[in-house]
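Asks: Construct the entire structure; sequences and hints are all you get.
The listed protein sequences correspond, in order, to chains U and E.
Here the numbering used here is used: position 41 in the first sequence is 49, and no number is missing along the way.
Here the numbering used here is used: position 390 in the second sequence is 504, and no number is missing along the way.
Honestly, I wouldn't trust all of these hints.
Unchecked claim - Pair ranges (Cβ atoms, derived): (1) Q153(E) to V302(U): 36 to 42 Å; (2) P39(U) to E595(E): 44 to 50 Å; (3) G64(U) to A440(E): 47 to 53 Å.
To be verified - Computed footprint of chain U on chain E, listed as stretches where at least three residues anywhere in the stretch have a Cβ under 8 Å from a Cβ of chain U: (4) 365 to 374; (5) 522 to 535.
As the list claims (entries may be wrong) - Capping the alpha-carbon separation at 25 Å, the derived lysine-lysine pairs in PhoX-like fashion look like this: (6) K568(E) to K583(E); (7) K291(E) to K87(U); (8) K296(E) to K87(U); (9) K475(E) to K499(E); (10) K87(U) to K315(E).
Hints were generated in silico from the structure; no laboratory data involved.
Every residue, glycine too, gets a C-beta built ideally from N, C-alpha and C.
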Amino acid sequence: MLGYIVRRVLATIPVMAIVALFVFSLLYIAPGDPAVVIAGDQASLEDIERIRQGLGLDRPFVVRFAEWSLQVARGDLGKSMFTGLPVTELIAQRLEPTLSLMVVTLLLAIVVAVPIGVVAAWRAGGWLDRGFMAFAVAGFSVPVFVVGYLLAYVFALELDWLPVQGYTPISRGLWPWLENLILPAIALGFVYIALIARITRATMLEVLSQDYIRTARAKGLGENAILFLHALKNAAVPIVTVIGIGVALLIGGAVVTESVFAIPGLGRLTIDAIVRRDYPVIQGIVLMFSFIYVLVNLVVDLIYTVLDPRIRY
Amino acid sequence: MDRRTVIKGIGAAGALAATGRLSAPAIAQGAKVLKFVPQANLANFDPVWGTQYVVRNASQLVWETLYGLNNKLEPQRQMAAGEEVSSDGLTWTFKLRDGLKFHDGEPVRANDVVASIGRWSNRDAMGLMLKAIQKELVAVDDKTFKWVLAKPYPKMLYALGKVGTPCCFIMPERIAKTDPFKQIEEYIGSGPMKFARADWKPGALAAFEKSNDYVPRSEPANWWSGGRVVNFDRIEWVIMPDPATASAALQSGEIDWWETPLTDLVPVLKRNRNIKVEIADPLGNIGSFRLNHLHPPFNNVKVRRAVQMALSQEDYMRAVVGSDTALWSTLGSVFTPGTATFSDAGGEVLTGPRSVDGAKKLLAEAGYSGQPVTCLVAQDQAPLKAMGEVTADLLKKIGMTVDFVATDWGTVGQRRASKNPPGQGGWGMFHTWHAGADAANPAGHIACRAGGEKGPAWFGWPDDPNVEKGVAEWFDAKSPEEEKAAMTAVNKASMESVTWLPTGFYKSFQAWRSNLQGISDGPLPWFWGPKKV
Chain U
9 MLGYIVRRVL ATIPVMAIVA LFVFSLLYIA PGDPAVVIAG DQASLEDIER IRQGLGLDRP
69 FVVRFAEWSL QVARGDLGKS MFTGLPVTEL IAQRLEPTLS LMVVTLLLAI VVAVPIGVVA
129 AWRAGGWLDR GFMAFAVAGF SVPVFVVGYL LAYVFALELD WLPVQGYTPI SRGLWPWLEN
189 LILPAIALGF VYIALIARIT RATMLEVLSQ DYIRTARAKG LGENAILFLH ALKNAAVPIV
249 TVIGIGVALL IGGAVVTESV FAIPGLGRLT IDAIVRRDYP VIQGIVLMFS FIYVLVNLVV
309 DLIYTVLDPR IRY
Chain E
115 MDRRTVIKGI GAAGALAATG RLSAPAIAQG AKVLKFVPQA NLANFDPVWG TQYVVRNASQ
175 LVWETLYGLN NKLEPQRQMA AGEEVSSDGL TWTFKLRDGL KFHDGEPVRA NDVVASIGRW
235 SNRDAMGLML KAIQKELVAV DDKTFKWVLA KPYPKMLYAL GKVGTPCCFI MPERIAKTDP
295 FKQIEEYIGS GPMKFARADW KPGALAAFEK SNDYVPRSEP ANWWSGGRVV NFDRIEWVIM
355 PDPATASAAL QSGEIDWWET PLTDLVPVLK RNRNIKVEIA DPLGNIGSFR LNHLHPPFNN
415 VKVRRAVQMA LSQEDYMRAV VGSDTALWST LGSVFTPGTA TFSDAGGEVL TGPRSVDGAK
475 KLLAEAGYSG QPVTCLVAQD QAPLKAMGEV TADLLKKIGM TVDFVATDWG TVGQRRASKN
535 PPGQGGWGMF HTWHAGADAA NPAGHIACRA GGEKGPAWFG WPDDPNVEKG VAEWFDAKSP
595 EEEKAAMTAV NKASMESVTW LPTGFYKSFQ AWRSNLQGIS DGPLPWFWGP KKV
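Replies: See the structure below:
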């Protein structure tokens, strides 16, 4: 197992290299010029050129890519063209809010969606099943920002239960931290809950029709034990797979959610960097998200071995 | 006790159980804090290297200028205690006022000023003019510096005190020696607030803390002049890119002041008795339809006049600002209305009756044969998107072929610098807007220049010697009457040769909690005066 983990971690290196080359090339051919944005409206073409030189943007693609790759290999993601701050510092500033949002959303989604899916499968075709699945369809259909605005209007503005916006670090206490995350996590988790609930229901339906479930019922085992101990455990592999894949969904959704709730996370940093063509920041964030995604997939693969002893690497 | 307090109480108990301690306050208990939502993110903090308005607005808290404009756009002494100019107008001698101290404890010396002027004059249009005629700029002693010129420059004090970017902020000599095309890395000023570098999270938060060493001038504050008395221990700039979030945060009391509320959200804010909404800047903005004079079809003045003849500023303003006519007006001038030297001479070609048929006839006379007009329209800037759609409709109405390039502002910013033909990466027209404070006169209004390809001229590169002659007369003018005469000449010539097309004059709102008093209007938010009651 340890050998497998080491091999998988080492395999991330070529993946990251390909991602790096792809992102760098994409930004190189994309229109827009950070020097123009920095120089402002009053600048002459000569001013813009001097700023471009100062940023090193006048050099050939290969030189720039080689230099950046060497920097990355040393663990240095470079400096933001606009703030002058190291990209690692900018990412570090924003990592906690985004990770907090993703973790709370993930937990919320699993806690809500899995029971919904199990109960819907258990009562397949009944009103409870139809009600849950109608909720799932709504979850897929309503955009994150609409849910976000509605939640903020009702629970923050009208009821005054929770804050409209912002983020409080967990170092300032659990409740202040959680208070700012409840509404964004519900907004972001809506589609995720729908996804997991539907896949749980579908998988559970298949498992509940298996012979060993009938046997369990025949020997008088209680319904809860059948559903949550026998059926759910056997249905868990596809559910875990979807949860893993859904992390990409969360990353994309976090961009919108962070804007709606003014959470100073990586999503907003990404948008700001793209709008300004802040290449080092964009490259750094994409690399980091790629790394996280690869790691999540590794964790999912390892969880398979826990859920299904037949799986061995 | 409301429900939120109850929830907080329950949550606090949970927090104690979980973390074993109470939450740490971000700032000292009882500190007076102002939470302000600025127009944009403070992405960099060098007012010479980065010329965005938001950088200037933040910089005014940390750095000072030698002079500052009042609400009549007259330069008043700020860091300067006095100035003397020789009878031939060639030698200026400036004295610094007492009590000026940088945030690192060092006094402000004439050497700091000389270095700061040197850096600024490499990037600013007026600075470059001064540099071109400069014979000597030296510190005479710690509090005195002398500027010797090869020819008189009557707009000296205006140049040193203008609000148009980049402003001549004074920094310590070691920082001011930084290459003007590279960003500074230390943020030490002599203004009323210190920059809290450790708290700066670009895109999220910028914070400023009161400088106890700051000695304000004794005169009452008047825009960028007078005593800068800040009534807060800390000012936090909370960056909120989403207007709906900012609106909700203002309504719930999570922020105190919002610089640029979206016009669509203003009715909601006005209905809230805890919020005040007023015009932010009497100098407003001028919408701009920028034409490329280098290539067909707009290299032909008859084609430009055809568009001018049919262009309805009312259509543009309704699309950009809405139906509230208190917020906008038509404008037959390239300059900001309402100032002492304003002129709209010749502007009836824009504000008089509109004629689509006349435009079609003129296009036919010009020999226009359907060449596409490449319209660069930034979709990520609401006013520009709105103007672009009106323009596409206008050009089609008068029989022109439109190549509508829907893109983002970053791409427009890059492509508008291209002098290539439209089909080879160039362009035919784009929209932007000019801040009224910049467009009040030719000083910082590069868009009004018409020096052609070799300059000075802005994107589109109009070439009209009459415009340039008027601008030169304005710079040489010694009285408001002479300035007005020069601006009249500039405007007449601009309208005649259609250097560019103003699409109207419009203002915007600012909003704040009603417990915040003392907020005044102006081209930028003034933090001296407001206090919480």
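Asks: Confirm or reject each hint.
Replies: How the hints compare with the structure:
Distance hint for Q153(E) and V302(U): a CB-CB separation of about 39 Å, consistent with the stated range 36 to 42 Å. One distance hint, 44 to 50 Å for the beta-carbon pair P39(U) and E595(E), holds here, with the actual separation near 48 Å. In this structure, G64(U) and A440(E) meet the distance hint of 47 to 53 Å, their C-beta atoms being roughly 49 Å apart. For the region 365 to 374 of chain E, the proposed coverage by chain U is satisfied: 3 residues have a C-beta within less than 8 Å of a C-beta in that chain, meeting the threshold of three.
Evaluation of the coverage hint for the region 522 to 535 of chain E: fulfilled, as 8 residues show C-beta separations to chain U shorter than 8 Å, against a requirement of three. Under the criterion of a C-alpha separation no larger than 25 Å, the hint pairing K568(E) with K583(E) is consistent with the structure, at around 16 Å. At most 25 Å may separate the alpha-carbon atoms for a hinted pair to count; K291(E) and K87(U) meet this at roughly 22 Å. Distance restraint check for K296(E) and K87(U): the Cα-Cα separation of roughly 13 Å lies within the 25 Å cut-off, and the hinted pair is therefore satisfied.
A distance of roughly 29 Å separates the Cα atoms of K475(E) and K499(E); the hinted pair therefore is violated under the 25 Å criterion. Between the alpha carbons of K87(U) and K315(E) the distance comes to roughly 14 Å, so the proposed pair stays at or under 25 Å and holds.
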